[in-house]
Structure formats: C-alpha cells, structure tokens
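Novice: One-letter residues, chain by chain:
There are 6 protein chains.
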Amino acid sequence: MANKGGLRAADPLIQEVSKVVPGFDQLACEFAFEKILSRPGLGIKQREIATLAALTALGAETELRLHVAVALNVGLSKQEIVEVLLQQVVYSGFPRAINALLVAKEVFEERGL
Amino acid sequence: MANKGGLRAADPLIQEVSKVVPGFDQLACEFAFEKILSRPGLGIKQREIATLAALTALGAETELRLHVAVALNVGLSKQEIVEVLLQQVVYSGFPRAINALLVAKEVFEERGL
Amino acid sequence: MANKGGLRAADPLIQEVSKVVPGFDQLACEFAFEKILSRPGLGIKQREIATLAALTALGAETELRLHVAVALNVGLSKQEIVEVLLQQVVYSGFPRAINALLVAKEVFEERGL
Amino acid sequence: MANKGGLRAADPLIQEVSKVVPGFDQLACEFAFEKILSRPGLGIKQREIATLAALTALGAETELRLHVAVALNVGLSKQEIVEVLLQQVVYSGFPRAINALLVAKEVFEERGL
Amino acid sequence: MANKGGLRAADPLIQEVSKVVPGFDQLACEFAFEKILSRPGLGIKQREIATLAALTALGAETELRLHVAVALNVGLSKQEIVEVLLQQVVYSGFPRAINALLVAKEVFEERGL
Amino acid sequence: MANKGGLRAADPLIQEVSKVVPGFDQLACEFAFEKILSRPGLGIKQREIATLAALTALGAETELRLHVAVALNVGLSKQEIVEVLLQQVVYSGFPRAINALLVAKEVFEERGL
Chain C
1 MANKGGLRAA DPLIQEVSKV VPGFDQLACE FAFEKILSRP GLGIKQREIA
51 TLAALTALGA ETELRLHVAV ALNVGLSKQE IVEVLLQQVV YSGFPRAINA
101 LLVAKEVFEE RGL
Chain Y
1 MANKGGLRAA DPLIQEVSKV VPGFDQLACE FAFEKILSRP GLGIKQREIA
51 TLAALTALGA ETELRLHVAV ALNVGLSKQE IVEVLLQQVV YSGFPRAINA
101 LLVAKEVFEE RGL
Chain P
1 MANKGGLRAA DPLIQEVSKV VPGFDQLACE FAFEKILSRP GLGIKQREIA
51 TLAALTALGA ETELRLHVAV ALNVGLSKQE IVEVLLQQVV YSGFPRAINA
101 LLVAKEVFEE RGL
Chain W
1 MANKGGLRAA DPLIQEVSKV VPGFDQLACE FAFEKILSRP GLGIKQREIA
51 TLAALTALGA ETELRLHVAV ALNVGLSKQE IVEVLLQQVV YSGFPRAINA
101 LLVAKEVFEE RGL
Chain F
1 MANKGGLRAA DPLIQEVSKV VPGFDQLACE FAFEKILSRP GLGIKQREIA
51 TLAALTALGA ETELRLHVAV ALNVGLSKQE IVEVLLQQVV YSGFPRAINA
101 LLVAKEVFEE RGL
Chain Z
1 MANKGGLRAA DPLIQEVSKV VPGFDQLACE FAFEKILSRP GLGIKQREIA
51 TLAALTALGA ETELRLHVAV ALNVGLSKQE IVEVLLQQVV YSGFPRAINA
101 LLVAKEVFEE RGL
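Residue numbers (this note's numbering), protein chains in the order written: chain C, 1 to 113; chain Y, 1 to 113; chain P, 1 to 113; chain W, 1 to 113; chain F, 1 to 113; chain Z, 1 to 113.
Excised from the complex, chain C in its bound form:
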C-alpha cells in the first residue's frame, strides 16, 4: 500500500501516454506494478535502488526524475539516492552518472531538501 502510494509519483507520465494509448495506465499498472514490482523476495526500497541504477545506466532521464521522487516517497534518504547514482561513475561512466546526479539535484531542490 505504501508501495503503491510511493509509485504514484510516476502517474503523470503514464497518464500522458494513456492519451495516445488508451488503457496504457492499466496495462503499465498490471504488468510493472502487479506482476513484477510487487513480487515477494525484494523490498520496495531495494527495488527502487535497482530502478535508479538501471535508469542511470540507460540515460533515461525523464523516468529517472520520477523515480528519484518515488525513491524519496518509499523512504530512501537523499544520501542513499546520491550514492546509488554516484556509484555509476564506475559502471556506466562519468557522463551517465553526472546527468543522473543533476536530475536528482533538481528534484531535491523542488522538495526543499
């Protein structure tokens, strides 16, 4: 439930896509959230760490922005988020990590953190 609430930060983007793909919100919710992200065996904080790392590696900044907010919502601290993104200098290189940290910085500032 807390999980579901945290993930709701991604809603605006999914609602926007639903205007061009009717039912996309339900499809995304059923697959991503119900079939995958709510599986047992990994906590929601751990799942957000994995998501932040993958989005940094992919250079997917629009989704990363939403997931930095999701990460804060599910209880990851600003420092934990920063460390996940910074760590990607090792695996994805400085450009991807720098871009991700700049995105996170903006979200933190919007929230007054």
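Any given hint might turn out to be false.
Claimed, not checked - Here are some of the chain P residues that sit facing chain Y, going by a computed Cβ distance under 10 Å:
#1 A69
#2 V89
#3 Y91
#4 S92
#5 G93
#6 F94
#7 P95
#8 R96
#9 A97
Said to hold, decoys possible - Using C-beta positions, here's what the derived DEER-type ranges look like:
#10 P12(C) - P40(W): 23 to 31 Å
#11 L113(Y) - F33(W): 43 to 51 Å
#12 E110(W) - D25(Z): 21 to 29 Å
#13 L113(F) - G43(C): 19 to 27 Å
#14 Q79(F) - G23(W): 52 to 60 Å
#15 T62(F) - E109(P): 23 to 31 Å
#16 R111(F) - D25(W): 51 to 59 Å
#17 E109(C) - E16(P): 39 to 47 Å
#18 G75(Z) - Q26(P): 28 to 36 Å
#19 Q15(P) - G112(F): 48 to 56 Å
To be clear, the hints were calculated from the coordinates, so they are not data collected in a lab. A virtual CB, placed ideally from N, CA and C, is assigned to each residue, including glycine.
Fit chains Y, P, W, F and Z to the known structure of chain C by using the hints.
Specialist: For chains Y, P, W, F and Z alone, coordinates are given in the frame of chain C:
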C-alpha cells in the same frame, strides 16, 4: 573487510587486464573500491543491487557473471538476485533481463544452489 | 517518388547539419536513401516500421520526431505507429517506449490527428 | 493461431529462464504475447519487422537469433529479413548491422535457405 | 598544464554536481584527470579525439558540448572535430552523428567560428 | 594507400556478410571508406583512435577486434591503443573498458607483441 572479501570475486578479470595495463589492479582498487564503493551512506548489499541492475541494463555479461558471485559473497540471497535481474524486464526490456537471468542461472549451478 | 516525398520530412535536420558539414545533404541522400532505403525487397511502409522501432530502441528522439512524420507521409496510420512504439515495452523497456510515445503524441497533435 | 505457432520458436530460451524464475514462461506469455503482441492494429509480420530492427539496434543477439526464426515462421522472406537488418547500417551503424546479419546468416544456413 | 587549462571547460558541470556530492570536483579531478587523462603514451589532442568519439557513440550530449570546447582549447581545429563526429555515421549510425554535429555547430557559433 | 592496406584487416568480416548481402563489400567500401574515412582533415591514425573509442563505448567487440589490428597496421603503437581503450573507464565505465582491453590483449598476443 567482509566487503573487500566479497569483491575479491572480481579479481581474476582485473588481474587479466593488469597484464596489458600494468598497475590496473591498483588503479581499479583505489578508484572503484576505495573512492566509490566504500563510501558511507549505502550498505554493500544495496551497492551490489545497484551494480547488478546497471550491468543488466548495460548488457555487460562478463562483469555481471562476476558480480552475481560478489552478490552471493556479500550476503544477497539467490532469490534477491533473481528479483533484481527479473525487474529489468520493466526498465531494460525482456532481452537484457533474459540474458542476465541466464548468466545468474549458470553461476547458481556452479555453486550448487 | 512518393517515398522520396515522404522522406523529405527529414530534410530540415539534414539541412542544418549541412551548414557545418558542407555536402552532408548529398552524402546522406546518396547513402541512406539511394543505397539503402530504396533497395528492392522491402516496402517503404515496412522500412519506416523498422526505422521507428530502431530509433525507439536507441532513444534517438530528435530523429524519431521526424520519422513519425515520415511514417504518416508514407501512409502508416496513427494506430500502426502507436503499436510499433508501444511494442517496444517488451524489447527496449518502458522508459524508451514511453519517451517514444510522448514524441509521437506531440507530432499527432501538431497535425491535428 | 499461426501467430502463436510462429512465436513458439522463442520457447527454448524462455523455458530455460523458467528454471530460475518459476512461472516466467506464463509471465512472458501473458505480458509480451497476450497484452502486447496480439493487440490489433498491426499485423504479425509488421510486428516481427519492428522486433528485428529493435533487437539489432540493442545488439541483443541471443534474442535476435530466435526472432529471425520467428520471422521466417510467420512468413517473412529471407530477403525481407536481410533488408530489415541491413537498413540498420543507417540508424544503428555498421557494427550492429554486421553482427545482426551474421546471426541471420547462421539461421538461414541451419534451415538450408 | 595547457592540458589542465583546456580541461577546465568541463568545470561548470562538475561544480554543479559538487553541490549535491561534496568533493565531487576533487574526486573527478583525481581520477579522470590525474590517474587517467594525464597518463603518458597518448597526447591530449588524441585523447580528446577519443573522448569526442565515445561521447557521440553514447549520445551523451551535455558532456559532448563541454568537450567540443575542450577540444578547441587543446588545439584541435573545427575541421578535425567535425570529422571525428561525422565519422560516427559509420560506427554509431546517422542519428548519433547528427545529434553530435548539431551540438558542435552550436559551440562553434557561440565562439564565432 | 597505406590507409587502404591497413583497413584490409576488416575484410574477412565484410566478406562473410557479403555472402548474405551480395555486394555488401562494395557498399561498405564505397560508403565507409571512400565517402567518410578517406575525407581530408583528419589523419588515418586519428580516425582509428576515434573508431577504437566508439567501438569500446558501443561494446562492439567483434568489430573492435578487427580495428585493433587495423590500428596496428596504420601505425598506432600498442601503448597508444591501450591508452585509448583504458581512457574509456572515465566515459563508458569499467565494464566496457575492461572488455575492450581483453579483446586488445588477445590481438596483441596473436601478433606476439
């Protein structure tokens, strides 16, 4: 310390590179391990989750193989590792997730898990 | 000929590059259009489907924007284009597919579709 | 139905993953096949063209190998498949296109085409 | 020394990241500049050529913008830079090369070249 | 001329593709070599540096193997090649750089360097 021991699973690859780049092991150790991975603010299990997710997204299977072993060494369960990789069907797509799960399956079999 | 006309939607971008690489328009036209895209064995609609899918996978949104317009010009329907991009949730993951669908949505709106 | 039969070429890979993720075959089938690939608005041949192009762009050769077989099963000709992959010299560059064509060549040879 | 001066063009981005990762400027300087980029065996112009090519391949446009400026600072000509980026039509495909050339065009215009 | 000779190391791969795409060798030669790589404004050694860096960033190991040989043929030293690949720890991350260095190590060993 436990950390350092766990990461030692990556040693063979780094030793191999050191044959063509003398001192690469020290360079990798100082930067990746001392400057980044040992920073406070994120536990070693959480860092391995981030690494597994990023390597899956990058399709970096040689390093992923080593880090599935590292992940087991630092105390992540087989189930936790599987969930991190499987979750990437959402963010990186089925091909990257499938490739990663096949790599993990091999490591689990080698260890009799 | 219809082919050539449809592809002309990509012209502004190529003209812009030609200002810094004199002759780029001719180079791009001769190679991409004459040597590859006009080969027999695959229709122009099918070629645009392949292009849309690849640009989504690559996260190449500037070119994708132009090719959504090209796709409409060569006779693909709005629904066909949406299905090509949406399908990439399976192969390239949700972030790439979502970004592509948002780009297509903008082009459709500009054309009043 | 013909569709479902064609896609069955991907089964061995998915069955292998199911050994480490129990139920993966059902999950992949329900999401990829039932929710996405069987949507109306795009024919199965067109969908395979999109898949081949995306897998080439992603450098996902294991899945590409299976999908060259799927493409033949659903009725794409050898020439059509070659043209889809070759076209990626323009969008994904020569290395990705060359790798994909070499994979396709092997599948064609295995089938005596 | 001239090297260090040329690389200073990347400073604003690194300073921005340092606001969210205190000490990032020192970390980046020590690793990227002192441990890697100042190694003997490859001149600074050659290193910038390699960097421009890699950033084009990665689609890392924010960093590319800075490195076009760095490249000019260390003595690469406008024509040399253009040729490095244009060459990527072969290896990374037209979209990545076009995006990179448009970034370079903007930097050249800002400098009145 | 020396240029053309050096590039001939890529011939076996291109000949293999030509079996499935008749005329691919001529197409690749005309576009990649005549239209792009032989343009004035950048020397062949500099072009190979750019190619090695991009192939490392792309994780395109089959082509990288050939281009390490091309690089040696056109006069780059073993040390220069190693430095180009190693530098990618900064921009493309350790996994891509490590994979590239292991490929180069094999080519050097085959040549007794």
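Novice: Are the hints correct? Go through all of them and say.
Specialist: Hint-by-hint comparison with the structure:
1. A69: 26 Å, violated
2. V89: This interface hint holds because 8 Å falls under the 10 Å limit.
3. Y91: Cβ of Y91(P) sits 5 Å from chain Y, so the hint holds.
4. S92: Holds: closest Cβ of chain Y sits about 5 Å from S92(P), inside 10 Å.
5. G93: Constraint on G93(P) satisfied, holds at 4 Å.
6. F94: Nearest chain Y Cβ about 6 Å off; hint holds.
7. P95: It holds, given that the least Cβ distance between P95(P) and chain Y is near 6 Å, below 10 Å.
8. R96: Because about 8 Å separates R96(P) from the closest Cβ in chain Y, which is inside the 10 Å limit, the hint holds.
9. A97: For A97(P), the interface hint holds, since the closest Cβ of chain Y sits about 9 Å away, which is under 10 Å.
10. P12(C) - P40(W): 23 to 31 Å: Distance hint for P12(C), P40(W) holds at roughly 28 Å.
11. L113(Y) - F33(W): 43 to 51 Å: 30 Å, violated
12. E110(W) - D25(Z): 21 to 29 Å: Holds, since E110(W) and D25(Z) (Cβ atoms, about 24 Å apart) stay within the stated range.
13. L113(F) - G43(C): 19 to 27 Å: For L113(F) and G43(C) the Cβ distance comes to about 54 Å; the hint is violated.
14. Q79(F) - G23(W): 52 to 60 Å: 58 Å, holds
15. T62(F) - E109(P): 23 to 31 Å: This hint holds: roughly 28 Å between Cβ atoms.
16. R111(F) - D25(W): 51 to 59 Å: 58 Å, holds
17. E109(C) - E16(P): 39 to 47 Å: Given about 34 Å between the Cβ atoms, the range is violated.
18. G75(Z) - Q26(P): 28 to 36 Å: 32 Å, holds
19. Q15(P) - G112(F): 48 to 56 Å: Given a distance of about 22 Å, which is not inside 48 to 56 Å, the answer is violated.
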